[in-house]
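K.L.:
Per the working numbering, the sequence shown starts with residue 5, numbered consecutively.
Do not rely on the hints blindly, as some may be mistaken.
[As the list claims (entries may be wrong)] Calculated lysine to any residue pairs in the SDA-like style (CA-CA distance at most 25 Å, straight line):
#1 203 with 222
#2 166 with 107
#3 361 with 108
#4 311 with 323
#5 179 with 438
#6 361 with 248
#7 175 with 371
#8 166 with 187
[As the list claims (entries may be wrong)] Quick list of the computed label-pair ranges, beta carbon to beta carbon:
#9 41 with 169: 24 to 34 Å
#10 178 with 255: 22 to 32 Å
#11 172 with 41: 44 to 54 Å
#12 32 with 203: 49 to 59 Å
#13 363 with 249: 18 to 28 Å
#14 203 with 27: 50 to 60 Å
#15 364 with 103: 14 to 24 Å
Read the hints as simulated data drawn from the structure, not as lab findings.
For clarity, every value in this text was computed on a predicted model and none was experimentally measured.
Positions of the beta carbon are idealized from the N, C-alpha and C atoms, including for glycine.
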Amino acid sequence: MLELLENYRNLILQTLLSLSLTLILYLLRIPIIFLYGLCTYIQPENLAQNNAGSGVRAAIRRPSNTDGDPKPNNELRRRNRSKDKSDFDETNAQIFRIKLDEDHLRSRIYFTQYNSLFVVSFLSLSSFLLQNYFSLDDKKGLLFPLVLGFISLCKVSVALAKISIERSASKRSEKKLSLIFGALGFVFGFIISAGVFPKGFDFHLGSLDAFCCILISFSMACIAAFLYMPAGRSARSFWVGTDQIRSNLSIISCGWFGRMLLYANYIVSVFTSLLWIHPLAEILVKRSSNASGMVGNVGFSTSDFGKFRVLCLLLSGLLQAMAVRPNLQMFLNEAVLSWYQRLHGSKTPDLEFSRAKMFLHNHYLCLVALQFLAPSVLVIIFLGLSQIDLGSFAVSQLVCGSLPCTEFVGQVGLLMSWWVVFVWSAFASASLVFYRRGVLYVS
5 MLELLENYRN LILQTLLSLS LTLILYLLRI PIIFLYGLCT YIQPENLAQN
55 NAGSGVRAAI RRPSNTDGDP KPNNELRRRN RSKDKSDFDE TNAQIFRIKL
105 DEDHLRSRIY FTQYNSLFVV SFLSLSSFLL QNYFSLDDKK GLLFPLVLGF
155 ISLCKVSVAL AKISIERSAS KRSEKKLSLI FGALGFVFGF IISAGVFPKG
205 FDFHLGSLDA FCCILISFSM ACIAAFLYMP AGRSARSFWV GTDQIRSNLS
255 IISCGWFGRM LLYANYIVSV FTSLLWIHPL AEILVKRSSN ASGMVGNVGF
305 STSDFGKFRV LCLLLSGLLQ AMAVRPNLQM FLNEAVLSWY QRLHGSKTPD
355 LEFSRAKMFL HNHYLCLVAL QFLAPSVLVI IFLGLSQIDL GSFAVSQLVC
405 GSLPCTEFVG QVGLLMSWWV VFVWSAFASA SLVFYRRGVL YVS
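Working from the sequences, and respecting the hints, build out all of it.
P.N.:
This is how it looks when you write it as structure tokens:
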């Protein structure tokens, strides 16, 4: 009995870990707790009826008279408006803040996909950590992280594909741009996988046949196409959350901790995306003691630099996961900003657009949560697959090119993980530049 437990220790531990975590995640409703307490907003159709007999208080309203002698609405209208009357009622110029609970979240579309992806990706991360960092050298339980990682990749790919073709979730121009960036990603991926520009990027895939090059390029094209719209939303959340528009509205910008997460996530992602580009890679690696100047004379050793890049990818994925809540809160606050701009842009504002925007932002809450969660899942899963030793799987030798199988799969996993971070950083940085230049704006 003891010998059997020793021989199948890895398999038994992986099974027990997966079952226990599944029970904990579902019984404690961890995916719901992750989004619990976010504030959403509604603009009521009829304030007098909705506010009667209820304890709901307005989060923001138009400035009123503060002299201690409030004037009736009719008197305010006569005093503030010209002779031509308008139908705008200032008592309806306010919105209500609601904290999301379990019932709210379960009623949103794509909640099921979000919930299952959260659970499976958490199981995959735990399985990778158990396999790689707890000295489990036997190969009998290696199938667990591989299967969980493959299921996670399939779930996130299907979810992003469905979101990309969702009719009312994005504009037609955004869908067209996604296809364009997907085509550019295919070309970019073919250049890297075929080794057309070997001195530009620090990836060593060996000599690949045409099928492998096309398969890797197609995967990179899908990632570029699927992440264009989420990265744009992330840049908009960063722009609003860090108060780059200088609105000075505390209800719109996030607190100091959320703002710190947004800055850290962006900085680490951009820095990590540059670590596989040769100029920076050559500067940070100490190649020989006889090199002249700083390049090649100071920095990490080659092995330490490889570990440092892996840790940066892991940190980038974890920070993106931690930034999901502030990003999602800023997505909800964006509707408040639109309402505020339209309310103060005219004496008789038309708030129907703001009411529709608030409804859509509430309706697509879990869809956007999926978009913000997907990059971190992709980064961590690809990184975990790159650290697995596949030498014991004989079938894997058929797709390994001229390199040993473990090294080849590790390089492809690192390439995909880096590509997610690179694409996300490039799209977010370009969007922030356009916001800064006034080409794009939040409304």
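K.L.:
All the hints need checking, so say for each whether the structure fits it.
P.N.:
Hint check:
1. 203 with 222: 23 Å, holds
2. 166 with 107: 24 Å, holds
3. 361 with 108: 18 Å, holds
4. 311 with 323: Between residue 311 and residue 323 the Cα gap is close to 18 Å, so the pair holds against 25 Å.
5. 179 with 438: 19 Å, holds
6. 361 with 248: Distance of about 21 Å is within 25 Å: holds.
7. 175 with 371: 15 Å, holds
8. 166 with 187: Within the cut-off at roughly 19 Å; holds.
9. 41 with 169: 24 to 34 Å: For residue 169 against residue 41, whose Cβ atoms are near 32 Å apart, the range 24 to 34 Å holds.
10. 178 with 255: 22 to 32 Å: 28 Å, holds
11. 172 with 41: 44 to 54 Å: 27 Å, violated
12. 32 with 203: 49 to 59 Å: Between residue 32 and residue 203, where Cβ atoms are some 51 Å apart, the hint holds.
13. 363 with 249: 18 to 28 Å: Cβ of residue 363 to Cβ of residue 249: about 23 Å, so the range 18 to 28 Å holds.
14. 203 with 27: 50 to 60 Å: Between residue 203 and residue 27, where Cβ atoms are some 51 Å apart, the hint holds.
15. 364 with 103: 14 to 24 Å: 20 Å, holds
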